[in-house]
Every structure is written in C-alpha cells, then in structure tokens.
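Protein sequences, first through last, are from chains Y and W. Count the first sequence with our numbering and you get residues 1 to 498, in order. Count the second sequence with our numbering and you get residues 499 to 818, in order.
Among the clues, some could well be false.
What the hints assert, rightly or not - Quick list of simulated restraints, FRET-style, between CB atoms:
#	chain 1	residue 1	chain 2	residue 2	range
1	W	E507	Y	K398	45 to 51 Å
2	W	N800	Y	M412	55 to 61 Å
3	Y	G497	W	E553	40 to 46 Å
4	W	N567	Y	G330	25 to 31 Å
5	W	M686	Y	P411	34 to 40 Å
6	Y	G497	W	G614	38 to 44 Å
7	W	G786	Y	M412	45 to 51 Å
8	Y	T482	W	R536	17 to 23 Å
9	Y	F304	W	R512	42 to 48 Å
10	Y	G330	W	E553	34 to 40 Å
11	Y	L319	W	G614	44 to 50 Å
12	Y	S260	W	P540	57 to 63 Å
13	W	N567	Y	T482	38 to 44 Å
Since the hints were derived computationally from the structure, they do not count as laboratory data. C-beta: ideal position from N, C-alpha, C; glycine also.
One-letter residues, chain by chain:
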Amino acid sequence: MPSKIPFRIFVAILFLLGVGSIAQRHYSGEIPWLPGETYSTWMIEAKVEFTAQGDAVNASFATPSTQSNFTVLNQTAASPGYGLSFLDDRAQWTIRNAEGKQDLYYKVNVLTNDIPLDVANKQDVSIHKTTWLPPYDIAAEQLVTSAMEKSADAFSYSRELLKLLSGDNLGQNATLMLQESSKSDLFVALLNEANIPALLVKGLYLEDGRRQQQLQPFVLVFGEDDSRLIDVKLGQVADAHNLLLWEQNGEPTLDLIGGSNSRVSFSIIQQTQPVMQVLKEKANDTDLSNFSIYSLPLEEQALFKGILLIPLGVMIVVLMRILIGLRTSGTFMPVLIAMAFVQTSLATGLIGFTLIVGIGLVIRSYLSRLNLLLVSRISVVIITVIAIICLFSVLSYKIGLTEGLKITFFPMIILSWTIERMSILWEEEGAKEVFVQGGGSLFVAVLVYLTISNELLRYWAFNFLGLQLIIMSIILMLGTYTGYRLLELRRFKDMQGD
Amino acid sequence: MMTFSFLKEFAQPRKLKQQGILGMNQRNNMYISRYNPRKLFPLVDNKLKTKQIAEDANVSTPELIGVVNNQHSVKSVDKLIAGLNGFVIKPAKGSGGKGILVITKVEAGRYYKPSGSECSLDDIERHCSNILAGLFSLGGGIDVAVVEALIVFDDSFEGYSFEGVPDVRVIVFKGIPMMAMMRLSTSMSDGKANLHQGAVGVGINITTGEALNAVQYDAMVTHHPDTQKELALLKVPHWEEVIRLAAQCYDISGLGYLGADVVLDRDHGPMLLELNARPGLAIQIANGMGLLPRLQQIEAANTDNMDLDQRLAYCKQHFS
Chain Y
1 MPSKIPFRIF VAILFLLGVG SIAQRHYSGE IPWLPGETYS TWMIEAKVEF TAQGDAVNAS
61 FATPSTQSNF TVLNQTAASP GYGLSFLDDR AQWTIRNAEG KQDLYYKVNV LTNDIPLDVA
121 NKQDVSIHKT TWLPPYDIAA EQLVTSAMEK SADAFSYSRE LLKLLSGDNL GQNATLMLQE
181 SSKSDLFVAL LNEANIPALL VKGLYLEDGR RQQQLQPFVL VFGEDDSRLI DVKLGQVADA
241 HNLLLWEQNG EPTLDLIGGS NSRVSFSIIQ QTQPVMQVLK EKANDTDLSN FSIYSLPLEE
301 QALFKGILLI PLGVMIVVLM RILIGLRTSG TFMPVLIAMA FVQTSLATGL IGFTLIVGIG
361 LVIRSYLSRL NLLLVSRISV VIITVIAIIC LFSVLSYKIG LTEGLKITFF PMIILSWTIE
421 RMSILWEEEG AKEVFVQGGG SLFVAVLVYL TISNELLRYW AFNFLGLQLI IMSIILMLGT
481 YTGYRLLELR RFKDMQGD
Chain W
499 MMTFSFLKEF AQPRKLKQQG ILGMNQRNNM YISRYNPRKL FPLVDNKLKT KQIAEDANVS
559 TPELIGVVNN QHSVKSVDKL IAGLNGFVIK PAKGSGGKGI LVITKVEAGR YYKPSGSECS
619 LDDIERHCSN ILAGLFSLGG GIDVAVVEAL IVFDDSFEGY SFEGVPDVRV IVFKGIPMMA
679 MMRLSTSMSD GKANLHQGAV GVGINITTGE ALNAVQYDAM VTHHPDTQKE LALLKVPHWE
739 EVIRLAAQCY DISGLGYLGA DVVLDRDHGP MLLELNARPG LAIQIANGMG LLPRLQQIEA
799 ANTDNMDLDQ RLAYCKQHFS
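Work the whole structure out from these sequences, hints included.
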C-alpha cells in the first residue's frame with residue numbers, strides 16, 4: 001500500500017500556497033477582503049485594426065478626457081514597432097513602414113465619480129449650414145418646418161425632429177434624406193439648419209464584461225443656457241449613468257493615413273481596486289498592479305472572470321457526487337447549465353431549459369421511430385433545438401417578454417446531447433430515472449449557479465487566485481474520501497443492525 | 499425537545515462501519531483502483547474480448563453466433579439469425595444491461611421478445627446500427643453488435659424469474675469467491691437482471707448455493723413479486739461448478755476485484771455471461787451482510803500463491 005504521506009504533504013503545500021497567496025494579495029497587494037471597500041474603476045480597451053499598405057502609417061485616435069462623471073486615471077497604448085505620442089486628447093501612432101494587418105491597442109483606466117454627467121456649455125460651437133442639392137433641399141426644408149411648427153425651443157425641436165427621423169413610419173422626406181447620410185449626421189445638420197448649435201460626440205455605456213463594443217453616436221444640443229445629450233440610436237435623452245464620452249470635439253474617432261479597412265472595437269471590464277491604489281494612480285503612478293491576470297488584454301480578462309468560476313462549480317459537483325451521492329446526467333453538465341443560468345438569470349434559465357428539453361424529448365421520441373443512424377439523429381436534434389430556441393425567442397419577443405431572448409445563451413450541443421441521453425434513458429429505464437437524473441442535474445446546476453453568482457465568491461475568485469489552489473487541494477482530499485455517501489446511509493439503513 | 503425524525507431515515511455511519519458495509523467511495527478508492535489495473539478494463543468492458551479469453555481458458559460461455567461490426571453488414575443480420583428460434587443481440591461494450599435485445603421466439607418472420615411484444619427485422623437492424631454507433635457503449639465510442647445463442651435456463655429456476663434469464667453474480671476478490679447473489683428479473687425490470695431496474699436480488703450462501711435473503715429496490719422481499727414463488731426455497735444447482743467458474747475468472751482476467759455473472763443453461767450447465775470490473779454494492783443488502791470483513795480477511799491472509807483449488811478451499815473453510 002503506497003504511503004499517503006507524500007500526497008498529504010502535496011495537498012498541504014497546495015493549500016498553504018493558496019492561503020499564502022491570498023494573504024499576500026491582501027496585505028501587500030492591498031486588496032480588501034470584501035468587495036465593498038474599493039473604488040470601482042473601469043478599464044476600457046480599444047482595439048484598432050486596419051490593413052497597412054506598405055507605406056508610412058499615421059494613425060490618430062481620439063481618447064477620452066476627464067469629465068464630470070469619470071476621472072481618467074491613466075492611459076497606455078501598445079503596438080510594437082510604432083512610435084507613440086499623446087497630444088490634445090488624441091493618441092498618435094506612427095511608423096515608417098508597415099504592411100498587412102495591424103492591431104493597435106489603447107487602454108484607459110477611469111474612475112467613477114458620483115457626479116452626474118455635466119456637459120460643458122460650449123457656446124463656441126459654430127453652426128454649419130449644409131448646402132443641399134435638389135431634391136434634398138426641399139426635403140430638408142420640409143422636415144425643418146414640420147419640426148419647427150410643433151416645437152417651442154431647441155430641445156422640443158430636437159425631440160420633434162427625432163420623431164420624424166425615427167420609428168417605423170418614416171415620412172417620404174426623412175426616408176429620402178436618410179439614404180444620403182447617417183441619422184446622427186443628418187440630425188446635427190438639421191439642428192444647425194434651424195440655427196441651433198449641435199455637436200456630434202461618441203460615447204460608450206460602461207457595462208462589466210462587454211466585449212467587441214462599438215462607439216455610439218450622441219448629439220449634444222445647445223439651448224439658450226444649457227445643453228442636453230441625446231442618444232440618437234434610442235431617440236431620447238441619453239441615460240448619462242455610466243456613459244463615458246469618448247470624443248467630445250466632433251472630430252473623427254480614427255484618422256488613418258497609410259491604411260485601409262480600419263475597425264475600432266472596445267472591451268470593457270469593471271475592476272474593484274483598493275482605495276490606496278486608486279489614489280496612487282490618480283497621482284499618475286503607472287504601476288498598475290503586480291497581478292498577472294490584470295496584465296492581459298481586457299477581452300481576455302473578461303473571459304477569465306467567467307473561467308475562474310468554473311473550479312467553484314466543479315467543486316460543488318464533486319461534493320454532490322462524493323459526499324451526497326446524487327446522480328446527474330453527465331458529470332459536468334450541471335456546471336455548463338449553471339454557466340448558462342448566469343447569462344439568462346435563474347428563472348428564465350430554468351423555464352427555458354425545461355421547455356427546450358421537454359419539447360426536444362417529444363420530438364426525439366418521433367425521431368426514434370425513423371430508424372436513423374445515431375450521428376444524423378443527434379444532428380437533427382441539434383437543428384431542432386436551434387429551431388425551438390428561435391421559436392421561443394420570436395414568440396416571447398412578440399408577447400413582450402424580452403427575457404425570453406436570453407434563451408440563446410444555452411449551449412446547444414450540450415442541450416442536444418442531454419435530450420438524446422434522456423430519451424435513451426426514458427426508453428431503457430423509464431420516465432422515473434429521467435426525472436431522477438434530470439432533476440439531480442438541475443438541482444446541482446442551481447446550487448452551482450447560486451455559488452458562482454455569489455458576489456463575494458466572484459470577487460474572491462478573480463482577485464485572489466490562491467483560492468483556486470485551495471479548491472484544488474479540497475478536491476484532491478475529497479478524491480481520497482472513503483467514507484459513506486449521504487444517500488448510502490439511507491440506502492443501507494436496514495443494514496445497521498439494531 | 500426538538501425532533502430530528504428525518505434523521506431516522508439515515509443510518510449512522512458508525513453502525514454501518516461496524517456491520518462492515520462497503521461504500522461506493524471506499525469501493526472505488528481502496529478496491530477497484532488498487533486491485534484492478536486500468537489496462538485490464540478493456541478485457542471486461544468488451545464482451546467480445548471477454549468471450550475470447552474465456553474460450554482460450556476453456557471457460558464455457560454462451561455460443562457466439564456472429565458479430566456485426568460495420569454498418570454495411572447490418573443488412574445481412576437476417577442471414578446470421580436465419581433458422582434460429584431465439585437469440586440475443588448485445589453491444590460488445592455495453593454496461594448495466596443497456597442495449598441487450600432478447601428474442602425468444604421466431605414465428606413466420608416475426609420476432610418476439612420475452613414479454614411477448616413483437617419486433618420486426620427493421621427493428622432488429624435499427625438496434626444493430628444503434629449499437630454500432632455507440633449508443634449503449636461506455637464512452638459513446640463505436641461498438642460492435644454481438645449475436646449470441648439464447649440461454650435456456652435451468653428448470654430448477656422455474657417460477658423464480660419473469661420473462662428473463664436469472665443469473666448468479668459472484669464477487670471474486672484476489673481469486674477467492676466471497677459473496678454471491680442471484681438476480682431474478684421481474685415485470686418491473688422488464689425481463690432484465692439489473693437490480694436498479696427492479697430485478698430481485700437473492701443473497702446466496704457462497705459455500706452451499708442456498709438462498710439467504712432477498713431484496714427488490716433495496717427493500718426486503720420474501721416472494722417473487724410476479725410469480726409469488728417463495729425465494730427462501732431457491733437453491734442454485736451445480737454450485738461447486740458455479741463458484742469454480744467464477745474463481746477462474748480471476749486467472750483469465752487478472753482483475754483482483756471483480757463480479758462474474760454466471761448463467762445456468764439447461765443443456766450446457768454454468769456459463770460465464772460477462773465480467774464486471776465495477777460490481778455494485780446491492781449484493782450486501784441481498785446477503786444481509788457487508789463485504790468489508792471478508793475483503794479485509796482475504797487482504798490479511800497470504801493468498802497470493804494459492805492455486806484455484808486452494809482458493810476454493812479457502813472460501814469453503816472461511817465463509818461457511
């Protein structure tokens with residue numbers, strides 16, 4: 001019998017390393033135990049992609065400046081081989097020779113201030129009247145007149161104008177004009193036409209973990225002595241909460257010489273940083289953090305926020321199987337379902353899962369009579385699952401339940417295999433076993449969901465990597481547990497002999 | 499006083515330990531992973547290979563009629579089963595009784611299952627292609643369908659089994675048969691001999707072959723639920739041969755902890771049906787005793803150099 005001592009030492013080392021790493025993060029990294037004791041900062045990463053044509057490249061990229069609701073803490077840019085300078089709210093990359101696909105990164109760290117967004121009242125914004133050619137001149141004039149009639153001041157004019165330019169029933173004039181220019185450009189031009197100063201700015205709504213975002217157009221409308229920010233896309237006054245204005249001067253976001261096919265996308269991540277650290281950064285200290293995950297590109301960081309929760313979920317499954325003895329269909333299926341629940345919210349997820357699997361089973365029972373080969377049958381199930389998801393999304397949207405749209409977050413291949421397995425189980429062992437295993441899986445999935453959606457645990461998983469080592473040591477110890485499972489105590493109840 | 503009446507539903511771990519009940523974790527950790535080298539699993543996980551090694555060692559198994567090993571030959575399965583009055587089609591890598599199709603009667607091109615329900619040649623072909631696609635196999639990998647001769651069970655089991663062949667499961671540890679149980683199919687188990695599907699398990703005295711105790715779904719029963727036959731009267735014939743056959747399985751497979759499933763054919767006597775490297779724990783309930791004392795007794799004894807007869811003698815001497 002091999003000695004257990006080296007194994008126990010190994011587990012103990014893992015555990016102590018985990019505890020040590022957590023303590024180090026807390027005491028010398030100043031990461032507080034609880035997520036509350038922090039400033040919430042946002043890290044936004046812009047990725048500029050373009051194809052260089054083999055000549056000198058000069059890329060000038062707009063950068064955000066400090067505004068009332070956000071303070072810019074620091075900004076960095078990464079792009080090997082390029083010269084870089086920051087001037088007047090713009091980052092400028094230059095290189096003598098570049099060819100092929102280029103990726104330039106710009107990263108900015110901003111701190112949320114508890115002051116509502118207050119856009120400066122820029123009276124020096126000049127009014128540009130556009131010269132339209134027929135028939136656009138008449139269309140523009142009619143739009144201006146029609147909005148003017150129903151309005152009293154700059155803001156009511158802009159509201160009426162937006163009504164004319166939005167919605168499903170665009171008038172002939174608006175349709176004609178919108179073929180020529182974008183809605184936001186046209187909106188600004190028509191405001192100017194009515195002698196109202198307006199400025200096109202770009203901004204981002206900050207939301208944790210968003211990837212591949214685009215800047216959204218906003219129009220700053222100046223009235224007599226104040227100004228308002230209009231979200232052109234939504235057609236209403238912008239919700240300035242968590243709105244970061246990226247470009248405030250009406251200039252293009254990216255000015256590129258020597259390249260084509262440019263594309264700019266943004267990734268956003270919320271970070272909780274200790275008070276001290278934020279204060280340090282405010283004082284222009286660029287030493288970000290000694291933590292390796294924070295040095296990854298933001299898009300990957302957002303990904304890791306999810307990945308680092310998986311070990312927690314896996315541990316729940318291990319506990320349920322080794323200590324309790326619950327049966328689940330597929331070992332780690334509950335973890336995958338729980339990850340989907342995180343996206344969909346619990347109630348929607350549970351209803352969605354039950355509906356899809358239920359309907360899938362009905363359809364699968366018909367397929368089983370068709371004498372199909374397994375691979376094609378499971379393929380048909382996958383397509384059916386997709387069809388069910390489409391149907392539910394459309395139906396729920398039509399009756400006004402946007403929650404139903406979240407059903408698309410379910411991993412479809414997993415669902416299809418679940419349906420296939422449950423269907424076999426039904427044929428082989430009857431409905432009872434399907435409910436036992438399906439119920440067991442869902443129960444464990446809900447437990448995993450409750451664990452990984454716990455704010456404190458999420459905070460710990462991402463900020464204290466040592467937690468992963470502790471989880472690993474616990475799982476290793478569970479792997480050597482030879483005691484009875486809870487459900488075995490019930491199963492063997494009559495055997496206790498008293 | 500607060501009531502913890504729900505606790506009565508659970509046994510106390512200490513008491514189970516006193517009774518020597520082996521739990522799933524302990525089975526996996528201390529017996530299967532220690533005594534069953536992983537590389538031997540394919541031998542028992544693949545019924546075709548098991549049959550091969552059994553035949554090489556002159557251990558009798560049900561007659562192999564043929565193998566369907568690719569989709570193309572599914573269409574010629576009718577040639578394999580032509581002229582037979584009954585047969586069994588099973589996946590070579592199946593587990594837990596999954597995917598076993600038993601045909602007990604063939605009449606005018608129609609096939610009947612033990613329950614009397616009919617199935618067509620189409621159904622049989624579909625079953626074969628499901629097996630080939632790996633629907634029932636352990637890892638879901640591709641598989642082959644094995645066609646075997648039907649077992650005509652021994653007359654002494656008349657009334658003990660419903661629409662299915664009863665088999666004897668013998669747990670063999672380090673080559674020594676240490677506990678046995680008979681598995682009797684019921685209408686609930688749909689003719690299958692798997693306890694978790696509702697078959698009755700009857701604990702069998704390992705030295706005499708006589709019934710000890712019987713359970714269905716982990717609860718005690720005294721009579722077969724379908725035939726009402728009294729289970730205490732059950733006595734397995736040819737018992738010496740049965741446990742000899744089971745003990746031989748240690749030699750042919752090399753597995754230290756195994757479950758051998760033996761059937762008794764009316765004409766051919768005891769035959770090895772299949773081997774199991776992860777036998778279940780319900781046998782303890784059926785026997786009304788835990789596996790641990792015997793496991794520990796064998797572990798403590800010096801049995802490594804014993805031959806087959808000595809191991810059988812050890813079983814007789816210590817477990818009567």
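Hints, one by one, checked against the model:
| no. | hint | verdict |
| --- | --- | --- |
| 1 | W:E507 x Y:K398: 45 to 51 Å | 48 Å, holds |
| 2 | W:N800 x Y:M412: 55 to 61 Å | 58 Å, holds |
| 3 | Y:G497 x W:E553: 40 to 46 Å | 43 Å, holds |
| 4 | W:N567 x Y:G330: 25 to 31 Å | 28 Å, holds |
| 5 | W:M686 x Y:P411: 34 to 40 Å | 36 Å, holds |
| 6 | Y:G497 x W:G614: 38 to 44 Å | 43 Å, holds |
| 7 | W:G786 x Y:M412: 45 to 51 Å | 49 Å, holds |
| 8 | Y:T482 x W:R536: 17 to 23 Å | 19 Å, holds |
| 9 | Y:F304 x W:R512: 42 to 48 Å | 45 Å, holds |
| 10 | Y:G330 x W:E553: 34 to 40 Å | 36 Å, holds |
| 11 | Y:L319 x W:G614: 44 to 50 Å | 46 Å, holds |
| 12 | Y:S260 x W:P540: 57 to 63 Å | 58 Å, holds |
| 13 | W:N567 x Y:T482: 38 to 44 Å | 41 Å, holds |
Violated hints are absent here; each numbered hint is respected by the structure.
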